[in-house]
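Trainee: Between the sequences and the hints, there should be enough to build the whole structure, so can you do that?
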Amino acid sequence: MVNRRDFGKISLAAGLAATLGRPAWAASAADTVVKAAQQYKGRSITIVWEAGLQSLDPTHFSGPKWKELTGMDVKVIEVATAEMFTKIMQDYKSGAGAYDALNVIPAWMPDLAQAGALEVLDPYVEKYGYTPELQTIASTFRDNQMKVGGKIYGFPDDGDVFLMYYRRDIFEDPTIQKAFKDKTGKDLAVPKTWADFDVVGAGLTDILKDKGIYGAAFFRQPPYAMYMFEERFRNEGGKFFDADTMKATINSDVGVKVFTGMRKENRFMPPGVEQFGFVENLATFLQGQSAMTISWPPYGRWAEGYGTDQEALNWVPKTAIAGKVGYALPPGGHPELAAGFALSISSTSKNKDAAYLFIQWLNSTDVSRQRVQLPYTLRDPFRDSHYTDPGYLALWPNAKDYLAALKQASETGLLDLSLLQTDKYEEVMRQAISKLWAGDDPKTILNAAATQWDDITQKIGVEKQKVVYAGWAAKSGAYPKM
Amino acid sequence: MTTVPFHRRKETKLVFRYLTVASLVVIFVFPIYWLLAISFKTPGEIFAFPPVWYPKSIQFNNYAVLFKDGDAKTVGNSLVLASVSTFFAMIFGTIAAYSLVRFRTGGENLAVWIISQRMMPPVAIVFPVFLFYVWLGWVDTYIGLIILYTAFSLPYVIWMMRGYIEDIPLELEESALIDGCSRWEVLWKVVFPMARSGLFATAVFTFVFSWNDFLFALVLTRTEVTTYTVQVTHYFGGQSNFWSKIAAMSVLGTIPVFITVATLQRYLVRGISMGAVKG
Amino acid sequence: MAATAHPDRNFKYWLISPAIFLLLLIGLFPLIFSLVVSFMRVTMLETDTSFAGLVNFVQLFHDARLWQSFVHTALVIVIALPIELLLGLAIAYLFLDRMPGRQILVSLLMLPTIISPIVAGATWRLLFDNRYGPINQMIGWFAGHPVPALWTVNPQLVYPAIIFCEIWQWTPFMFLILLAALSNVDRSLTEAAEIDGARFWRSFRYIVPPAIWPVMSIAILIRGLDLFRIFDIIWALTAGGPGTMTETVSVYAYVQGFRQFESSYTAAIAFLVIALLTVIVTWAIRRMGLAK
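Keeping their order, the protein sequence lines are chains A, B and C.
Our numbering puts the first residue of the first sequence at 1171, with every later residue one more than the last.
Our numbering puts the first residue of the second sequence at 11, with every later residue one more than the last.
Our numbering puts the first residue of the third sequence at 73, with every later residue one more than the last.
Hints are computed from structural coordinates only; laboratory data are not their basis.
Among the clues, some could well be false.
What the hints assert, rightly or not - Okay, the calculated bits of chain A under chain C, using three or more residues with CB under 8 angstroms as the criterion:
{"#": "1", "stretch": "1207–1221"}
{"#": "2", "stretch": "1280–1290"}
{"#": "3", "stretch": "1435–1443"}
{"#": "4", "stretch": "1581–1593"}
{"#": "5", "stretch": "1602–1615"}
Said to hold, decoys possible - Label pairs and their computed distance ranges (CB to CB):
{"#": "6", "chain 1": "A", "residue 1": "Asn1617", "chain 2": "B", "residue 2": "Phe70", "range": "54 to 60 angstroms"}
{"#": "7", "chain 1": "B", "residue 1": "Phe70", "chain 2": "C", "residue 2": "Leu107", "range": "48 to 54 angstroms"}
{"#": "8", "chain 1": "C", "residue 1": "Phe142", "chain 2": "B", "residue 2": "Tyr43", "range": "33 to 39 angstroms"}
{"#": "9", "chain 1": "B", "residue 1": "Phe70", "chain 2": "A", "residue 2": "Thr1614", "range": "51 to 57 angstroms"}
{"#": "10", "chain 1": "C", "residue 1": "Ala347", "chain 2": "B", "residue 2": "Ile101", "range": "28 to 34 angstroms"}
{"#": "11", "chain 1": "A", "residue 1": "Gln1208", "chain 2": "C", "residue 2": "Asp120", "range": "41 to 47 angstroms"}
{"#": "12", "chain 1": "C", "residue 1": "Arg137", "chain 2": "B", "residue 2": "Pro65", "range": "43 to 49 angstroms"}
{"#": "13", "chain 1": "C", "residue 1": "His217", "chain 2": "A", "residue 2": "Asn1617", "range": "34 to 40 angstroms"}
Glycine included, every Cβ here is placed at the ideal spot set by N, Cα and C.
Mentor: Structure follows, in structure tokens:
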């Protein structure tokens, strides 16, 4: 009996074989740069990567492989997520030039680009003919996370997006369906709007509480809840700013409605959900204690047990719900492309060309396909080809639904707000959410937040920010097409 | 002979003391125990509801992984940095303290200037120090951090040792001088031994402050001299939390200091009874 | 043969020279740099190095959030410092006399201070978690029913949580320092007092403190200064929240300087802090008679 792990290995091997069997005339982006990199044999380059799980990719897979193919040494500089922006900025401002390639969260790109810390990549893309393969990155990522002011500053390399995960067994259980119908008069179904979500969540909690199961749980800590607010706010029709005056409009009726709704929902979630972070929420879902949750793609893989037998993932609680997980878009239908990563080059690097070859190779169709299937990876599918890759589809029985949901998400996804000094605006939001959990009145909180946003905009320069905002708002993923 | 009342008997006092001490130790050590337990727990036990107080089985796999992956080396780095800097800080600081106390060198102004080094919020100076070190080529080097930690420990050492040195009666030093000792010998033979308990207490915390530094280690290192405090933060991710590694690493990081404190305890309390002047 | 005056003069300078050299080497450049930058307009996006006058310092006075952070910091110091001092003194007293296993017990008590503050903060966060932490579990046992106290979210609980963690972590510091000082106290003094019939408390109050005052006052000063810079516990538990309720000066400076790269403004804040602290410390030194 072939188990899951063998499945993965077999498909990986099959995929590799397919790559090697490529006809010579179709020189892939990966091949092109491998060839060009031969001149840098023996050179050493550094790349800044998120510490921990993410770094296993370059330290265990892509780094050694690249070295094998080109003789170039890749030194991975692991930096804790929270410190990445700071270290990149400090390295740039000090002129130390210790970093060659970078992992950059797309929301930081305007700030980094404006400060001059990132190298413009267009000339390199031209030189090494990467445009065709750039085009095949899923449209939402490609059109939203690559450019600032019309210039390419990074290659989207991670399909981070919020999906809704739910317990198929609960939603399909006839007893529960009946109890739900009796209680609410509605049919039990995966909610498509937030109004539905409230009904479904509360109803399920009522029915299942005695078994220790709640209708839903979310990660409510401010840094995470901020993304969820950005998503829901726009799904319900809200706009962050008035495009003409650049006045913040987060305190509109929509904003108040969302804030009020978020707090009300906590009541049918596990007590103390306001303190949940990524792992607490994961544990709750994987151990079967919540019927619905929203989070990044890894939940979907780990809930089905893919990769969790790896040592690197031994911190993930054992899943009690394998085979029972369903995938859907979050209510509203336009999920947040929360965070994400792009590959960039530092403008003070002394090995720009060599480093560029590496990141094109990493990001290329062939190599990225392998990387997103690594069992310990945190990189999620981001290319059109990833969603239909036979190797991936074979990784676990329900993978096709997973990939289908991700594909849909990549077509309707919403971009994180990114302006000049995004962190300042985000900080205000995080504080607003912490006040929300503390019990303050939503309208008051949002009014104060809007005022603070306006102050920040004033400080930066209304006209300056207006231009950046217009550039952001013009992107396909800025606001949902209603 | 009158019987001593129950509540004043030596044994009762001892029992009473023991009970109080035991409860205190339990309260202070409980979180550490929890951390230790986490280092052996499975993720399901770490995030068990209701919380689980002890792991079902003790397996050292989490610790083994740290050694295998080379993470444990960061504990070694921290050890080197903290011990060397503490050593130098204690020497330079104590003799400086002696100068301040016995000779009033620099008067109040110097003393205040020294302590003012500890007033500067680290956040404000970490970037200038980084610039300085980039220029010197000291980023990500042992020497760089050792010098930094030594310098930052000095105000603390100087001020603490001032107090302990003031406690030493002047007559002891004067009689040693009369006996023909040079000033340096007085320092070495009289002052240092008499201030032993103060030296120990000060050294412990000088070590701990350098050991636990995060901000400077974060900014001034990249890959070669990663300290254990920075390494631990690598386990806190946006989409991951390696609790077993965090816990195991913390335990590993605590053991050397714990052992040092335990073994050097005898210097804490002076064995000689007071009043006897060393001949 | 007494040492002559001449070697004395050089001797005392030799003694302080290594320390002063190091302090100047590491401390001087950052100080000057910060001073210079505080008169410029260096932010994340612009490095405007033209002289901008006192604009940053003026901004300081209008910054309500900054002054609130001072209040928050003062609150923590005023509550935590006395408790740490008294508790530390009391525990040191308990440990003064011999008892079997004292070595191990003292080492165990040191553990909170030895642990990295970042890890301590993260651990406490987990301990305080309503679902996965043992503290609310224990409270529930005593109360007979689950008590969903949200220590890091509820505005009424955040300060108690922070102060409790702070005291937990740093009382051992006071304890060890005072133990070292107490153990130097002439036991014959206290023994004589006891033979005279003086009760325990009298000797504790009137004989001991004056004897250890030099060390104790410095410990208070150092601990006070360190409390002013309190950061890790707060960052791990609340990140300054809810809102900015628990934002202390260090947290605010961290966000400004480290995350948002308001280099000039942070430098101005730093100098304000130094100025304020210098005044306080000088006053404290006079009052405590530390530099007679």
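Trainee: If a hint holds in the structure, say so; if it does not, say that too.
Mentor: Cross-check of the supplied hints:
Counting residues of the stretch 1207–1221 of chain A whose CB falls under 8 angstroms from any CB of chain C gives 0; the rule of at least 3 is not met. Against chain C, the stretch 1280–1290 of chain A contributes 3 residues with a C-beta closer than 8 angstroms to a partner C-beta. That satisfies the three-residue criterion, and the hint holds. Requiring three or more residues with a Cβ within less than 8 angstroms of a Cβ of chain C, the coverage given for the stretch 1435–1443 of chain A holds, as 3 such residues are present. Check result for the stretch 1581–1593 of chain A against chain C: holds, 3 residues qualifying (beta carbon to beta carbon below 8 angstroms, three or more required).
Judged by the Cβ-Cβ criterion of 8 angstroms, the stretch 1602–1615 of chain A is covered by chain C as claimed, because 7 of its residues qualify and three suffice. Between A/Asn1617 and B/Phe70 the C-beta distance comes to about 55 angstroms, which sits within the given range of 54 to 60 angstroms. Between B/Phe70 and C/Leu107 the CB atoms are about 52 angstroms apart, so this pair conforms to the stated range of 48 to 54 angstroms. Here the CB-CB span from C/Phe142 to B/Tyr43 is close to 37 angstroms, well matched to the stated 33 to 39 angstroms.
At about 53 angstroms, the beta-carbon gap between B/Phe70 and A/Thr1614 stays in the expected band of 51 to 57 angstroms. One distance hint, 28 to 34 angstroms for the beta-carbon pair C/Ala347 and B/Ile101, holds here, with the actual separation near 32 angstroms. In this structure the hint that A/Gln1208 and C/Asp120 lie 41 to 47 angstroms apart at CB holds, the actual value being about 45 angstroms. Evaluation of the 43 to 49 angstroms hint for C/Arg137 and B/Pro65 yields a pass: the beta carbon distance comes to about 44 angstroms.
For C/His217 and A/Asn1617, the hinted distance range of 34 to 40 angstroms is satisfied, since their beta carbons lie about 38 angstroms from each other.
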